[in-house]
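If you read the sequence shown in this note's numbering, its first letter stands for residue 1, the second for the next number, and so on.
This list has only true hints and no planted wrong ones.
Straight-line alpha carbon distances no greater than 27 Å define the calculated DSS-like cross-link-like pairs of lysine-lysine that follow:
no. : residue 1 : residue 2
1   : 209       : 188
2   : 209       : 116
3   : 209       : 238
4   : 145       : 209
5   : 149       : 136
6   : 242       : 145
7   : 238       : 145
8   : 242       : 39
9   : 104       : 160
10  : 39        : 355
11  : 160       : 270
12  : 39        : 270
13  : 242       : 149
14  : 292       : 22
15  : 270       : 292
16  : 316       : 107
17  : 270       : 238
18  : 292       : 368
19  : 160       : 237
20  : 209       : 160
21  : 209       : 237
22  : 242       : 270
23  : 145       : 160
24  : 209       : 316
25  : 116       : 104
26  : 242       : 107
27  : 149       : 160
28  : 116       : 39
29  : 160       : 116
30  : 270       : 209
31  : 316       : 270
32  : 292       : 316
33  : 39        : 22
34  : 237       : 270
35  : 316       : 355
36  : 39        : 17
37  : 270       : 188
38  : 237       : 188
39  : 238       : 160
40  : 316       : 238
It should be emphasised that the hints constitute simulated quantities derived from the structure, not laboratory data.
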Amino acid sequence: MIIGSNHIESHNEGLLKKHQNKLVFTASEIDNTEAIIQKLIDFQIAIPSWALGTGGTRFGRFAGGGEPRSIEEKIEDVGLLHKLNSASGAISLHIPWDIPQDYKAIKALAAQHNLKFDAMNSNTFQDQADSEHTYKYGSLQNVNKAVRKQAIAHNIEVIKHGIELGSESLTIWLADGSNFPGQLNFRKAYQNTLESLEEIYDALPSNWKLFLEYKCAEPNFYSTTVADWGQSYSYVKKLGDKAQTLVDLGHHLPNANIEQIVSLLLMENKLGGFHFNDSKYGDDDLTAGALKPYQLFLIFNELVEGMDARGMNHAKDLGWMIDASHNIKDPLEDLLQSVEAIMIAYAQALSVDRKALEKAQEENDVVKAQEILQNAFRTDVRALVAEARLRSGAALNPVELYRNLSVRKNLIGERGLKTLATGL
Numbered sequence: 001m002i003i004g005s006n007h008i009e010s011h012n013e014g015l016l017k018k019h020q021n022k023l024v025f026t027a028s029e030i031d032n033t034e035a036i037i038q039k040l041i042d043f044q045i046a047i048p049s050w051a052l053g054t055g056g057t058r059f060g061r062f063a064g065g066g067e068p069r070s071i072e073e074k075i076e077d078v079g080l081l082h083k084l085n086s087a088s089g090a091i092s093l094h095i096p097w098d099i100p101q102d103y104k105a106i107k108a109l110a111a112q113h114n115l116k117f118d119a120m121n122s123n124t125f126q127d128q129a130d131s132e133h134t135y136k137y138g139s140l141q142n143v144n145k146a147v148r149k150q151a152i153a154h155n156i157e158v159i160k161h162g163i164e165l166g167s168e169s170l171t172i173w174l175a176d177g178s179n180f181p182g183q184l185n186f187r188k189a190y191q192n193t194l195e196s197l198e199e200i201y202d203a204l205p206s207n208w209k210l211f212l213e214y215k216c217a218e219p220n221f222y223s224t225t226v227a228d229w230g231q232s233y234s235y236v237k238k239l240g241d242k243a244q245t246l247v248d249l250g251h252h253l254p255n256a257n258i259e260q261i262v263s264l265l266l267m268e269n270k271l272g273g274f275h276f277n278d279s280k281y282g283d284d285d286l287t288a289g290a291l292k293p294y295q296l297f298l299i300f301n302e303l304v305e306g307m308d309a310r311g312m313n314h315a316k317d318l319g320w321m322i323d324a325s326h327n328i329k330d331p332l333e334d335l336l337q338s339v340e341a342i343m344i345a346y347a348q349a350l351s352v353d354r355k356a357l358e359k360a361q362e363e364n365d366v367v368k369a370q371e372i373l374q375n376a377f378r379t380d381v382r383a384l385v386a387e388a389r390l391r392s393g394a395a396l397n398p399v400e401l402y403r404n405l406s407v408r409k410n411l412i413g414e415r416g417l418k419t420l421a422t423g424l
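The task is simple: from the sequences and hints, build the whole structure.
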């Protein structure tokens, strides 16, 4: 399905007066609105190819129909999102789920939708049909050198695919670990993993980055070989300047102070990027900002302060990506909601009075510091986010237009009701 500019213009025309009134009020509450709007226009959030279909649980999966059946249809779906919000200008592919058959054609299709290719993602948490060895007992950590070699070769293959598409980063998440005490020698598992990562790192082009993700638990429930930010930092510090830590918001133990983790990694120049989502109990992969919007704001507060302190470009110097799984929502609606929540948190963080906050911190004025942050969080910045979309030629209310145009119904008509997204 193609959304025309005429659809967006007609939609915006009906909402414009109300939007302008809100924008005037918001500008009276926040001083630097023009600067914030420009930063919002520049800010892009990559969409993961695996989030475009209906996810599942260990107990079942309930497909919603019209799901993308190929890499081409996944690109088309991200193109729909980007047309609606002008903030989803990149797609992150997962290999082997998204292996291109014709690089030139895939790049041309992405360009047609104004999309770039973000981080490439490897997969050594599943056995592939043509694999000689199993990852049942781990991949890069495995006691069997042949298994480690297979996992290394896969990651290098992913890099090669990415080079052809114009990507500049590789994300590695490892399911490696153990389920029972005594199953694994922790020290040897670390050493095997490091040696494997070193081989992959050596295969990176000079302009590439390696993002090493961490996760506290699952699928192994006794130990995880890259379980937290400290372990990831230990690896990437040894690997070199091109290696950095990737933070998934759902990959922490309960009540972890993620904003502090982000601040320290940024200070050490080892923060590579994010997988945005939200959670209640574990790695729930729910819509970003759906449960903990204040935490999302606090994370962005540290990001804005830390990136500005280092003179970093907000839009380009870190990797921004959603990582989500949708059980009961229309995946495209859910992704639109996540992007909106991320942009709101970012705008709120940009509105913080930095000088006043620093003064309160220097004077140990705890109440004042809290008031400054909470006032920024409680300020409605949705008009600024909408204005950034408007100036970019996107919809003032993406979800509303998506529904008015019956996008899902049209996708079902084009693809069928019983389709399943590849790779899930």
